[in-house]
Amino acid sequence: AQDQPLDERILLTFVPNVQFAPFYVGIEAGYFAEAGFAVSLDHLQEPEVLDLVAVGQANYGVVSGEQVILARSQNRDVVYVFEWFQQYPVGLVYDRALDLSDLGELRDKTIGIPGRFGASYSGLTALLHDANLTETDIEVSEIGFNAPEVFCLGLVDAAVVYINNEPLQIQQLANAGDCGDVQAVATTSVASQVDLVSNGLIISRALLDDDPAAVQRMVGAFAKALRATIDNPAAAYMASLAHVESLPREISFLEALEAAAEAQSDFLSELPSRAEVADSRVELANQLKSHFGSGTLAQFTILLNTIELWDADQLGISDLASWQAMHDTLQRMGFLGESPVELSDAFSNQFVVAIE
Amino acid sequence: MTIRLHALQHSYSAVDSAPLPALGPISLEIAADEFICLVGPSGCGKSTLVRIVAGLLAPSAGHVTYMGAPITAPLDDIAIMFQAANLLPWRTVLDNIALPLELAGMPLPKRHQIARDLLPQLGLQQFERAYPTELSGGMAQRAALGRVIVQAPQVWLLDEPFGALDALTREKLSLELLRLRARSRQTILMVTHDIAEAVLLADRVIVLSQRPGKLVADIAIDLPRPRQPDLLYNSDFLRLAKRVRAAIELPAQ
Amino acid sequence: MTIRLHALQHSYSAVDSAPLPALGPISLEIAADEFICLVGPSGCGKSTLVRIVAGLLAPSAGHVTYMGAPITAPLDDIAIMFQAANLLPWRTVLDNIALPLELAGMPLPKRHQIARDLLPQLGLQQFERAYPTELSGGMAQRAALGRVIVQAPQVWLLDEPFGALDALTREKLSLELLRLRARSRQTILMVTHDIAEAVLLADRVIVLSQRPGKLVADIAIDLPRPRQPDLLYNSDFLRLAKRVRAAIELPAQ
Amino acid sequence: MQSQQNPELRPARFRRKWLRMLAPLGTILLLIVLWQLIASLGLISPILLPPPVAVASALSKALADGSLLKHAATTLEEMLVGLCIGVGFGLTLGYVIAKAPLLENLLSPLIVALQSTPIVAYAPLLVIWFGTGVTGKVITTAIIVFFPTLVNTVAGIRSLESSLNDLFRSLRASRWQTFRHLELPAALPVILAGLKTSSTLAVIGAVVGEFVSARYGLGALVIAARSRYDTPLVIVSALTMTTLALTLYSLVAYIEWRVLAWRRRSTT
Amino acid sequence: MQSQQNPELRPARFRRKWLRMLAPLGTILLLIVLWQLIASLGLISPILLPPPVAVASALSKALADGSLLKHAATTLEEMLVGLCIGVGFGLTLGYVIAKAPLLENLLSPLIVALQSTPIVAYAPLLVIWFGTGVTGKVITTAIIVFFPTLVNTVAGIRSLESSLNDLFRSLRASRWQTFRHLELPAALPVILAGLKTSSTLAVIGAVVGEFVSARYGLGALVIAARSRYDTPLVIVSALTMTTLALTLYSLVAYIEWRVLAWRRRSTT
Ligand SMILES: Nc1ncnc2c1ncn2[C@@H]1O[C@H](COP(=O)(O)OP(=O)(O)OP(=O)(O)O)[C@@H](O)[C@H]1O
Ligand SMILES: Nc1ncnc2c1ncn2[C@@H]1O[C@H](COP(=O)(O)OP(=O)(O)OP(=O)(O)O)[C@@H](O)[C@H]1O
Ligand SMILES: [Mg+2]
Ligand SMILES: [Mg+2]
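Line by line, the protein sequences give chains H, G, E, S and Z. To convert, count from 1 in the first sequence and add 2; that's the numbering used here. To convert, count from 1 in the second sequence and add 28; that's the numbering used here. To convert, count from 1 in the third sequence and add 28; that's the numbering used here. To convert, count from 1 in the fourth sequence and add 639; that's the numbering used here. To convert, count from 1 in the fifth sequence and add 639; that's the numbering used here.
Do not rely on the hints blindly, as some may be mistaken.
[Said to hold, decoys possible] Heads up, simulated DSS-like pairs for lysine-lysine below, C-alpha to C-alpha not over 25 Å straight-line:
#1 E:K270 x E:K242
#2 G:K270 x G:K200
#3 E:K200 x G:K242
#4 E:K270 x G:K200
#5 G:K270 x G:K242
#6 G:K270 x E:K242
#7 E:K200 x E:K270
#8 Z:K656 x S:K738
#9 G:K200 x E:K242
#10 Z:K700 x H:K291
#11 S:K656 x Z:K738
#12 E:K270 x G:K270
[What the hints assert, rightly or not] According to the in silico footprint, chain S covers these stretches of chain Z (three or more CB under 8 Å from chain S):
#13 727-738
#14 833-845
Keep in mind that the hints were calculated from the coordinates and are not lab data. Every residue gets a Cβ at the ideal spot worked out from N, C-alpha and C, and that includes glycine.
Using the sequences plus the hints, can you model the full thing?
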């Protein structure tokens, strides 16, 4: 580490949210500082994040994998250096009564989707392809980011959503009787059918060439923060409080989390296996469920759900097959030009591999 | 009596000041075929009186009747020519004069014809397609007079119709007015500042006092008709003019 | 000679019609202490002439000089009173009258004092806080006159200043004008439709022909000064008035 | 009068008219030159601002495959219908409010709320009530377009001098006649100014509606192009929006020029 | 004159003034009652329109923890600064254009483009040039606010009668004096109408800017609340925006009421 911390801006998408907990943990627990960075976070739309990284306005950004392929096909020389989400977070949500687990059943159904862009559209395309369907076999409805409302009012049979978030919201509505006849929702995640490259950390080629050491430190710090989040979600939630103002923060809930975080760090000192840690999360969830209402728990539950999408034996590694699958999907969508995208340039595992 | 003013009175009230008594109380009776000239000091309420008779202004006290019925709104029989020309700036002279006919639903060729036929009398022959901003003060006033003439009203309310006109044009137009009236005897109530004009034209000259305008004198002009400009040098005429002038100079009663 | 008109001529040109000859050619010389009255038929170009002398309108041909220098823009020495009152509707009477002083940078209390002192002469005592829409036609004209008086100009251009006033107020104000002028002899060029008024006030009466206005007569009024209203019955006066009238009735030369 | 045209006056007028008409094109040309200069000098990364040629080729491609036209037609339809509805309501309510000032106080919370609530807040309602087709976008357009028309109608009609009102009353003009022959022409300059604002806001309304949920339309195209990092196509779509807005604006300006012809006469 | 108040006239005026001031509150109350009714009767699903109580509790929570105030303050700051800049430019350029009509033809493509280009098209540039802080939102606000002020200033100043211009020329008034004492007061009713539009658009400008990138501000709050499907908080944020817009609008309306006092005098 350097003596003088380096100011570094990381561009995230969306708005401050518990799903960005690893970054909050990185800041609050000092992982970034240890690596010599004073990190600040900004939230922008995905294309903006990518373009600003591409032109060197910021060194680090987080976007989903397909953006990297699309952008590279349009001369943005960015490199994906850390696969944050091991599983593609998009999936289909529908009424459990309407069993769509056989994707062939999708034929002639009305599927809601934010619009023909972004991760949800790639996800849908991949799902359809897997089921030997095409877009013309179903009714696509561009409903914007209004899936719970539109779904619950019965305007679509299923909706393409982020599986860590919306199904939970819809289930809550269903529990409250506000979701029509729907009693319980079911999801089919894209990840269960195809392995697509998902959200991860990007840098520009120029940065990779100029200062690989700094990138190495950043990737290392983020990997630590991510692992810490996966290992101790209660502590991660506490770290998020400073960054996400609207998180539920009733005293009793925070006290419970505080206690859980402490217990978890004791538990972690026993060096449990990944499976044991996963079990501890389930246990914690169950334990909290008996004390707090779903409203209070919602954001924490989302964090737990999301952690499942992050967890892996080795964090950050992305493999060519998932890039290829994404590339093929995009090609099928007609989003790529004639000139092929060299996928091996799109990502690099060198920094992940060099950790430790 | 066609028009009767019953203890008519008017005060203007502004939002943040005391009511301003502007007119009356004044009572007056006007016969169906009378030509009345109203004279009085500037600001004494002449325009106010005319606007009340036109049904444009509700008096503060008293009332006006036309053929026995109180006037509460403008009537078809009564036309008013305002002190200002009030032409519509986006209409040509011809369309300004033809406006009342247009509102009455007359088709374009016919109303244009009627308006056009009037232009020579008004001395506006070459200006039918001119816009109001292109007119001189007197020309605008003549166009406004034309707008009253096309209405062929039973009662003419004229608020200083010749104020912006030179002596000659003025004479020409007043004689025109007398000629028009000679055919079908309408009621005319005309405000003027010109004593000679008042005596030359009127059957009666009504003199108002300083604001609030009360009746100071009601002078019958018993000169023979038809009247001609040479009357101006007639001794009866001069005597009547002097009487009017004397009445104006009187303090309010 | 203070003001000289050299073969002055003006035509108005509208966008989609032929140019309209409105004035001249006319040449004229006005001495520094002269009171000139301009009479002529309605629409003959009097206001046009006045606006050119005021530097508001560039003539189509010829030019005007003031003290030898051509007039191309409004001058400080020259003030104009327009045919219409042209008051600013959002200003009170007092602030309208004080406007020229305000533009000259005079502080508020002083300019209000000057304007207020003028109100009795103008017969507007109770109306200093009234807005123009609350004035009668004649009152608005008097306020406009006040706006010229506060400028204390060397040259007064008055376009029918008394057009909307009754005979008495008119007389009172014209005499006021004469009195003002008696102190420091300014140049006055005044348009009027009233022949008697012209003869009563002027040193010379200029008579213009029908449009385009050319000089028809230049009649020196050699009546003694100071002049009083009783002059109206003087035979010299009547003779001069008849001469003016005759000149007006002449066809254009 | 037309028969007496003065031939001397014609060339000047002719030249001025052409100058007026060509002026916007001159500015556009200048901007393109400037843009090329920025691109050539590399002042802004081509990623963010591609050079004119790249945009031109994107344009010709989008024109050739008909996609641009299709999207533009959708947006234009939404704009025009929304404009008609919004302006219609704006004029009507504006007229009524001008006549009954208390109504302004009563309705202002409602009207201001309508104008200032961001679309994301009621996006679900829009999608649910009006679906994902053009209707929702027509509504957003109508809403945003309504307000400037309304306030300018109110201001225009209130600016009327009461003396002219008296004239019409004395002529016993009907309400409609008074509106048609007095209030409308008198208020027209101000109303047309409101329409200028409305006509450019119409594009925003339609496009923002399309951002929420749409398959067709320039808003959908811009989002799609942006999500594919096709900056030239983003610029093509944006320029197409500008073209639509400019066309509408010019139309209003032309109407203004025609209808207010009488005003130009007095500037001799 | 004030000393001669007629006591008879006061109660009526008094009553009317209060009526005017209370009218908006009455409407708001009515809307809340209506809203409660809709909620009670279940006409609209509570997912879309939560009942007033839910919104009230969200409001009190957001107020209690200070978050609403902080966001509102950010948006307000952006609005006010953007409004000042946009209105300043609009007035200035409007004045210049009114005086030189050819300039309108020259600049219209530029101005209309500025107004009609959706922010997503130039969002990256905005972020690069102005960062993700308030500056970018001030710019978007200024841009959207600029246009109505501009066109209304042009319309207002052009509506001036040439006779009054002659008066000021004859008085040798300076350009500034003519503007200050003639053009501005004459154009004011129309300019104020433009400001009414601008003041409500200011909210949209700031919020839209916040959609692109923001941590603070009501736009950010609405997005955050939307992302959590916290509809009551969405409504609270939207209502706060409306409140800001309404406050600004009322301010302009009040200025109008004060400045145009002379107009009310003539309606006897
Ligand atoms: N709209 C108004 N509001 C308030 N006061 C008014 C209004 N109109 C006229 N007045 C006042 O009423 C009085 C009478 O005005 P009116 O116009 O009737 O006078 P007039 O006799 O026609 O005068 P003039 O000969 O100068 O036209 C004046 O003192 C004037 O100030
Ligand atoms: N702005 C203008 N545009 C075009 N023509 C005009 C304009 N002003 C005046 N005229 C024309 O010029 C001629 C002279 O007008 P001017 O106003 O000088 O007459 P005037 O002698 O003052 O008449 P009056 O006594 O009626 O006021 C008229 O025929 C008029 O139609
Ligand atoms: Mg009067
Ligand atoms: Mg004149």
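Each hint tested on the structure:
no.	hint	verdict
1	E:K270 x E:K242	20 Å, holds
2	G:K270 x G:K200	24 Å, holds
3	E:K200 x G:K242	22 Å, holds
4	E:K270 x G:K200	18 Å, holds
5	G:K270 x G:K242	20 Å, holds
6	G:K270 x E:K242	36 Å, violated
7	E:K200 x E:K270	24 Å, holds
8	Z:K656 x S:K738	17 Å, holds
9	G:K200 x E:K242	22 Å, holds
10	Z:K700 x H:K291	23 Å, holds
11	S:K656 x Z:K738	17 Å, holds
12	E:K270 x G:K270	20 Å, holds
13	727-738	violated (count 0)
14	833-845	holds (count 7)
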